[in-house]
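J.: The primary structure of each chain is shown beneath.
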Amino acid sequence: MFKECIENVRKNVPLVHNITNYVTVNDVANVLLACGGSPIMSDDIDDVEDITSICGGLNINIGTLNKNTIPSMFAAGKKANELGHVTLLDPVGAGASKLRTETANKLIDEVKFDVIRGNISEIKTLMLGSGSTKGVDADVADKVTEDNIDETIAKLKAFSKATGSIIAVTGAIDLVCDSDKCYVIRNGRPEMSAITGTGCQLSGMMTAFVVANKNNKLEAAAAAVCAMGLAGEIGYERMAEGDGNSTYRNRIIDAIYNMDGEVLEKGAKYEIR
Amino acid sequence: MFKECIENVRKNVPLVHNITNYVTVNDVANVLLACGGSPIMSDDIDDVEDITSICGGLNINIGTLNKNTIPSMFAAGKKANELGHVTLLDPVGAGASKLRTETANKLIDEVKFDVIRGNISEIKTLMLGSGSTKGVDADVADKVTEDNIDETIAKLKAFSKATGSIIAVTGAIDLVCDSDKCYVIRNGRPEMSAITGTGCQLSGMMTAFVVANKNNKLEAAAAAVCAMGLAGEIGYERMAEGDGNSTYRNRIIDAIYNMDGEVLEKGAKYEIR
Amino acid sequence: MFKECIENVRKNVPLVHNITNYVTVNDVANVLLACGGSPIMSDDIDDVEDITSICGGLNINIGTLNKNTIPSMFAAGKKANELGHVTLLDPVGAGASKLRTETANKLIDEVKFDVIRGNISEIKTLMLGSGSTKGVDADVADKVTEDNIDETIAKLKAFSKATGSIIAVTGAIDLVCDSDKCYVIRNGRPEMSAITGTGCQLSGMMTAFVVANKNNKLEAAAAAVCAMGLAGEIGYERMAEGDGNSTYRNRIIDAIYNMDGEVLEKGAKYEIR
Chain A
1 MFKECIENVR
11 KNVPLVHNIT
21 NYVTVNDVAN
31 VLLACGGSPI
41 MSDDIDDVED
51 ITSICGGLNI
61 NIGTLNKNTI
71 PSMFAAGKKA
81 NELGHVTLLD
91 PVGAGASKLR
101 TETANKLIDE
111 VKFDVIRGNI
121 SEIKTLMLGS
131 GSTKGVDADV
141 ADKVTEDNID
151 ETIAKLKAFS
161 KATGSIIAVT
171 GAIDLVCDSD
181 KCYVIRNGRP
191 EMSAITGTGC
201 QLSGMMTAFV
211 VANKNNKLEA
221 AAAAVCAMGL
231 AGEIGYERMA
241 EGDGNSTYRN
251 RIIDAIYNMD
261 GEVLEKGAKY
271 EIR
Chain B
274 MFKECIENVR
284 KNVPLVHNIT
294 NYVTVNDVAN
304 VLLACGGSPI
314 MSDDIDDVED
324 ITSICGGLNI
334 NIGTLNKNTI
344 PSMFAAGKKA
354 NELGHVTLLD
364 PVGAGASKLR
374 TETANKLIDE
384 VKFDVIRGNI
394 SEIKTLMLGS
404 GSTKGVDADV
414 ADKVTEDNID
424 ETIAKLKAFS
434 KATGSIIAVT
444 GAIDLVCDSD
454 KCYVIRNGRP
464 EMSAITGTGC
474 QLSGMMTAFV
484 VANKNNKLEA
494 AAAAVCAMGL
504 AGEIGYERMA
514 EGDGNSTYRN
524 RIIDAIYNMD
534 GEVLEKGAKY
544 EIR
Chain C
547 MFKECIENVR
557 KNVPLVHNIT
567 NYVTVNDVAN
577 VLLACGGSPI
587 MSDDIDDVED
597 ITSICGGLNI
607 NIGTLNKNTI
617 PSMFAAGKKA
627 NELGHVTLLD
637 PVGAGASKLR
647 TETANKLIDE
657 VKFDVIRGNI
667 SEIKTLMLGS
677 GSTKGVDADV
687 ADKVTEDNID
697 ETIAKLKAFS
707 KATGSIIAVT
717 GAIDLVCDSD
727 KCYVIRNGRP
737 EMSAITGTGC
747 QLSGMMTAFV
757 VANKNNKLEA
767 AAAAVCAMGL
777 AGEIGYERMA
787 EGDGNSTYRN
797 RIIDAIYNMD
807 GEVLEKGAKY
817 EIR
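Residue numbers (this note's numbering), protein chains in the order written: chain A, 1 to 273; chain B, 274 to 546; chain C, 547 to 819.
Bound-form chain A, shown alone:
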């Protein structure tokens, strides 16, 4: 089934509107192209509604939110809802500042998101009003482990039910849930956390996957997570002596570019709970 998910992306070439941070935006654009999608970036209030209208999906990432782009996020989100487009929220740094937490919460209140994707600290912040986000990385205290996984999944399912959004939590173990089904994914490598923006890249790519598989959104979101993790594994195998995180970044995007349905289907490591 994951095979069809990625094949649909390559077949349909979904246009994705990204309102995203300027740190990782180039990698987000390249990974969207690598997976078969087509990226557009636009964040001015006078531009976003037109741009989102010609796209199939909207990826909102609050990584470098500011007073000009925040209203654009709401305007684009509402327009995308109106048009029935796919919407995804990446609440980067929710919990790390009042502005980020409040903006993410308000976006969830006013825009219907198909997917909310973040690290466990960001998602805990949104679920519980607490969580100990340490900057843009998840805090160790929040980490998903074999010990707390069942409890975490139950909470994520409840949050999915409350919001109507698929909840995707990425980390050493990835969890992609709707209100009654959770993909527990074990692809990826710890070295991926030494690259800036693998989460942002995943959010962009996941939007394309969901747009191209609108009748199968949960599986598409899970397939995107597996694809990213698997790309991290494939990319790592190609690393040579002396290579580091900058080359690894290129290798991962390259692996997405070369990934076909068979490779994804075979390499995906997940169970459903």
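Wrong hints could be hidden among the right ones.
With a straight-line Cα cutoff of 27 Å, these simulated DSSO-like cross-link-like pairs (lysine-lysine) come out [claimed, not checked]:
hint, chain 1, residue 1, chain 2, residue 2
1, B, K352, C, K689
2, B, K371, C, K689
3, A, K78, A, K157
4, A, K78, B, K340
5, A, K181, A, K266
6, C, K613, C, K689
7, A, K79, B, K340
8, B, K352, C, K644
9, A, K67, B, K371
10, A, K266, A, K98
11, B, K340, C, K644
12, C, K763, A, K67
13, C, K763, B, K351
14, C, K613, B, K340
15, C, K625, A, K67
Keep in mind the hints are simulated off the structure, nothing from the lab.
We have chain A; now place chains B and C onto it with these hints.
T.: Same frame as chain A, now just chains B and C:
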């Protein structure tokens, strides 16, 4: 003659002021350095006139235009005109939104551009008030083919005459025209479209080429197009099993870095119509 | 001693808040991760005080300053001072425009910086109210040479005394001074100047080094300069036929990622004056 064009860039180290989008800006800076130029980015209304004054050329790219940077584009453009500096417009996404189309048209009305460089859908939008821009990529319906090339060239020459600008349309076949002469260029590889920002990179590099060859602007613009396409060919030859669009991006910029006049002269594939 | 400096970065994982330009921001984030730090970017006035509060250091880079981010620089700088956090200023393009020169001078007046790091033209502008900054690169006329080095060091020490900041000037010869001691550093390669943002990367990394070595700030700043230059040397050795500035960028960040204390200690080339 293309040989001298690139050699003049390396000899003169033209300083290029870029008001450009934040998606591809890093690659624009690196390709400008690779070809022998020197990049500066500045987009605040209180900064752009000073910065453009110390440069030889101004590259305006509307890829992530916003209410703060739009007035800066006009101010810098007018200052550059006043000083007789080279000016280039890259109307990214013209046709995709009202703001983009109107801003591009207004820039052309109020600023004299030496070159307007875009894909065929963007240029058609500016020429005809129509064109079917699909996001930031050209629409298939607008594609330059062997069947419509003569008609397209005639229109581009007329648009060049109307604007006083060199018109550079890039795609599978590239066309670089003034009012009576058109370079038809067949360098490049289709895989280049899987990299974000090869067009933006070309606009930056083309500005440097034109600044360093002010008495020979049309040829300089055509030389830049050939250099970019040829770099795409050279870079592609260096791709290994498992490499993808991210590595390809690096290989292309690397190929520009290593390209000398002889290589460009010999590798350029063009005819004049 | 440099050995301990880099080991402390890897051990303490300093969180660094960056208000930096959008040209080189991705490389700054990746080099911070490569050296063992953790980057956060935030530049909205309503966000910066919260973000800087959870960090250990603040890196302010005026490379693409604008009317929204300038007030954020002051607010974050003052907050960081209040909390006793490490602060660094990278006055990109000071001397190239009135806005850049005035903003840098005003920041130095109102914020106490632990380190000011720039090229010689930028630092001369700040020291003397003059200097001939040519865009974002140092002017040849300002270059530190064996002939003017003693005189330059004397001036930098005086500037350090006046500001209370460590002054780091990078170029072919790097100088890292406080009011009575100067590290004269001869690591690096001339080819590094063909990559955009090696200076910005160094500023980010230096902030992490100083945060992780608060009792040893001058040495930490010098160690960061040696690490960057040495990475340029190591990265250059790994360059293959046909590689250019884009690959070199990756190789340098990779070299930081793989650099351990022994390698830095052994490879650092400096004398103290």
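J.: Hint by hint, say whether it matches the structure.
T.: Hints and how they fare:
1. B:K352 - C:K689: violated, 30 Å
2. B:K371 - C:K689: With Cα atoms ~49 Å apart, K371 (chain B) and K689 (chain C) exceed 27 Å; violated.
3. A:K78 - A:K157: holds, 25 Å
4. A:K78 - B:K340: Judged against 27 Å, a Cα distance of about 21 Å means the pair holds.
5. A:K181 - A:K266: holds, 21 Å
6. C:K613 - C:K689: Given pair K613 (chain C), K689 (chain C) is violated - Cα atoms ~32 Å apart, limit 27 Å.
7. A:K79 - B:K340: holds, 20 Å
8. B:K352 - C:K644: holds, 16 Å
9. A:K67 - B:K371: Distance of about 22 Å is within 27 Å: holds.
10. A:K266 - A:K98: violated, 43 Å
11. B:K340 - C:K644: Given pair K340 (chain B), K644 (chain C) holds - Cα atoms ~22 Å apart, limit 27 Å.
12. C:K763 - A:K67: violated, 36 Å
13. C:K763 - B:K351: violated, 47 Å
14. C:K613 - B:K340: Holds - the C-alpha atoms of K340 (chain B) and K613 (chain C) are around 12 Å apart, at most 27 Å.
15. C:K625 - A:K67: holds, 20 Å
Against the hints set out earlier in the document, violations occur for numbers 1, 2, 6, 10, 12, 13.
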